[in-house]
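Q: For the record, the sequence lines run as chains W and Y.
Residues 19 to 329 (UniProt numbering) make up the first sequence, in order.
Residues 19 to 329 (UniProt numbering) make up the second sequence, in order.
Since the hints were made in silico from the structure, they are not lab data.
Fair warning: there could be bad hints in the mix.
Which copy is meant is left open, because identical chains are indistinguishable; a pair holds if it fits in one copy or across any two.
[Stated by the list, open to error] As a list, the in silico SDA-like pairs of lysine to any residue whose alpha-carbon atoms are at most 25 Å apart:
hint	residue 1	residue 2
1	Lys234	Asp217
2	Lys234	Val221
3	Lys177	Leu38
4	Lys177	Leu25
There are 2 protein chains.
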Amino acid sequence: VRASDPLPSWAEGPAKESILGFIQRVSAPGSPEEVPASERIAVFDNDGTLWSEQPMYVQAFFAFDRVRQLAPEHPEWREREPFASILRGDLATSLQGGEPALLEIIMATHAGLTTDEFDRVVSDWISEARHPVTKRRFTQMVYLPMLEILAHLRKSGFKTFIVSGGGIDFMRPWAEAVYGVPPEQVVGSSIRLAYQYRDGSPVIERLAEIDFIDDKVGKPVGIQQHIGRRPILAFGNSDGDYQMLEWTTAGSGPRLGVLIHHTDNEREQAYDRDSLVGRLDRALREAPVQGWAVIDMKRDWRQIYPASVQP
Amino acid sequence: VRASDPLPSWAEGPAKESILGFIQRVSAPGSPEEVPASERIAVFDNDGTLWSEQPMYVQAFFAFDRVRQLAPEHPEWREREPFASILRGDLATSLQGGEPALLEIIMATHAGLTTDEFDRVVSDWISEARHPVTKRRFTQMVYLPMLEILAHLRKSGFKTFIVSGGGIDFMRPWAEAVYGVPPEQVVGSSIRLAYQYRDGSPVIERLAEIDFIDDKVGKPVGIQQHIGRRPILAFGNSDGDYQMLEWTTAGSGPRLGVLIHHTDNEREQAYDRDSLVGRLDRALREAPVQGWAVIDMKRDWRQIYPASVQP
Ligand SMILES: [Ca+2]
Ligand SMILES: [Ca+2]
Chain W
19 VRASDPLPSW AEGPAKESIL GFIQRVSAPG SPEEVPASER IAVFDNDGTL WSEQPMYVQA
79 FFAFDRVRQL APEHPEWRER EPFASILRGD LATSLQGGEP ALLEIIMATH AGLTTDEFDR
139 VVSDWISEAR HPVTKRRFTQ MVYLPMLEIL AHLRKSGFKT FIVSGGGIDF MRPWAEAVYG
199 VPPEQVVGSS IRLAYQYRDG SPVIERLAEI DFIDDKVGKP VGIQQHIGRR PILAFGNSDG
259 DYQMLEWTTA GSGPRLGVLI HHTDNEREQA YDRDSLVGRL DRALREAPVQ GWAVIDMKRD
319 WRQIYPASVQ P
Chain Y
19 VRASDPLPSW AEGPAKESIL GFIQRVSAPG SPEEVPASER IAVFDNDGTL WSEQPMYVQA
79 FFAFDRVRQL APEHPEWRER EPFASILRGD LATSLQGGEP ALLEIIMATH AGLTTDEFDR
139 VVSDWISEAR HPVTKRRFTQ MVYLPMLEIL AHLRKSGFKT FIVSGGGIDF MRPWAEAVYG
199 VPPEQVVGSS IRLAYQYRDG SPVIERLAEI DFIDDKVGKP VGIQQHIGRR PILAFGNSDG
259 DYQMLEWTTA GSGPRLGVLI HHTDNEREQA YDRDSLVGRL DRALREAPVQ GWAVIDMKRD
319 WRQIYPASVQ P
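Based on the provided sequences and hints, a complete structural model is requested.
A: Structure, rendered in structure tokens:
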């Protein structure tokens, strides 16, 4: 590893070369393929691309913890699914109700408070909560190789955006400290908001109604609504990112799509087409035809997580 | 005017002093009221705040021109309101149908094509169209004093956003060249989008359905959805900006709300509480109580428009 290597936790090889080569080609002054800085837009899926998503999405841990925290105000939950199972610690049963059950959990835990209050609830939780297996804070389960990519892109004149199926206001409170991505560069799923007054002061209330699902075909739409131009670089890890990578790489000029393939059962978890969380099937199959780079975590990443700094 | 004056087209006086003083207080290194650069968010209404909006919104000129342009493909419009009146040049009658008529005009002229196509249609139109009275291009009817404010804010570490009731994708094609505001920092009203395929290539289609109205109580909501934090500085010119200024200035720490009052009947147009376009009544009345600065265009602006560079 040279002292000047911007990606020291990446193993040498074609994956690292293709990413470094692309960034060099579009950003080196005088490069024949140089892209104007204003068009250097890079988008990143979050769960499974920037941080771990197994055994379940971090936001699901948050929602279940919040059900337990709010339970004393809701004695009826002890008899009512999907809450009763969560309170008994039986998460699998709580999710047997499918999407309606999930929606009910999200609305019970993410709505009914103001944006400022929700920001505080998320900030408090993320500063304390730990992964049940690794015992690390979730913000210490971000991928060091991806932090290096983010930093190198910004140094190369890119604007870096998160485009996630996760809740936009669940990511914003910590994305800047953890990823260097400010709130205005986070795109995600959202619930409806309403401008209201409490004791004469204005607040923005979070309503129990879905506004936008930023997944699959929703990702290019979210990109257009928030960013307003087509990215030239996209990183994802599941079939939920298929359309984002397709939209990114179908434009003219130099473009790159990258898939993170979870292949490391020792340092993280190996999963793809059979996983409920982060299912990767079609995108992996079509990657060669689409010209997308596939990162093999086990082979291409020398280190997964940053050195632990807990507690 | 000193050579170092960042606002040379502003007359000396309390308006200029309050704005310059605020920017200095929050951005000068070591200032007791210094605000972290990441929190230096400034938002600007567009119509009547950054460019002229009389005798009607620029986007309305665009819509009417586009009805005329599309008319050959729609022979039925010659008999059907609101289109028949537009084609006869009788814009007042065309708008007598109120909001449903307006909506029909917008959907007929802004939907049914892809985002890339709409971008091109807007870019072509704005490079040619001229104001009926001044004969200037609309992009030459931006306010020079506001361009100076935008530049001075960016030099002082602010991020500048447009937050307009106008169409987000109507502003984005030219906002960067004209205001220095990139597409991802434009917030506005929007119609629904859909990711689809045409001849095997992905496109984003503009659907004939309203997605979001970024006006009045919609402005703080649009700010939250797009920016994700509360601005510390807001400029507006009408009652449609009331909630944006209220939300901005109700937070803690140093904050400033500014109203542009159109008082100059010689160089532009004097209007406020009785105007259909850009009506300013409640916000002007409550400005002293709210602590908002009021710019008197006639008194405070030495020059309105940039020196003309047409044709
Ligand atoms: Ca993912
Ligand atoms: Ca206005």
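Q: Now tell me if each hint is right for this structure.
A: Going through the hints against the structure:
Proximity of Lys234 to Asp217 under the C-alpha cut-off of 25 Å is restricted to the inter-copy arrangement: shortest distance 20 Å between copies versus 41 Å within a copy. Taking the shortest Cα distances, Lys234 and Val221 sit within 25 Å of each other only across copies (14 Å), while inside one copy they are farther apart (32 Å). Only within a single protomer do Lys177 and Leu38 lie at most 25 Å apart by alpha-carbon distance; the minimum there is 16 Å, versus 29 Å between protomers. Proximity of Lys177 to Leu25 under the C-alpha cut-off of 25 Å is restricted to the intra-copy arrangement: shortest distance 18 Å within a copy versus 29 Å between copies.
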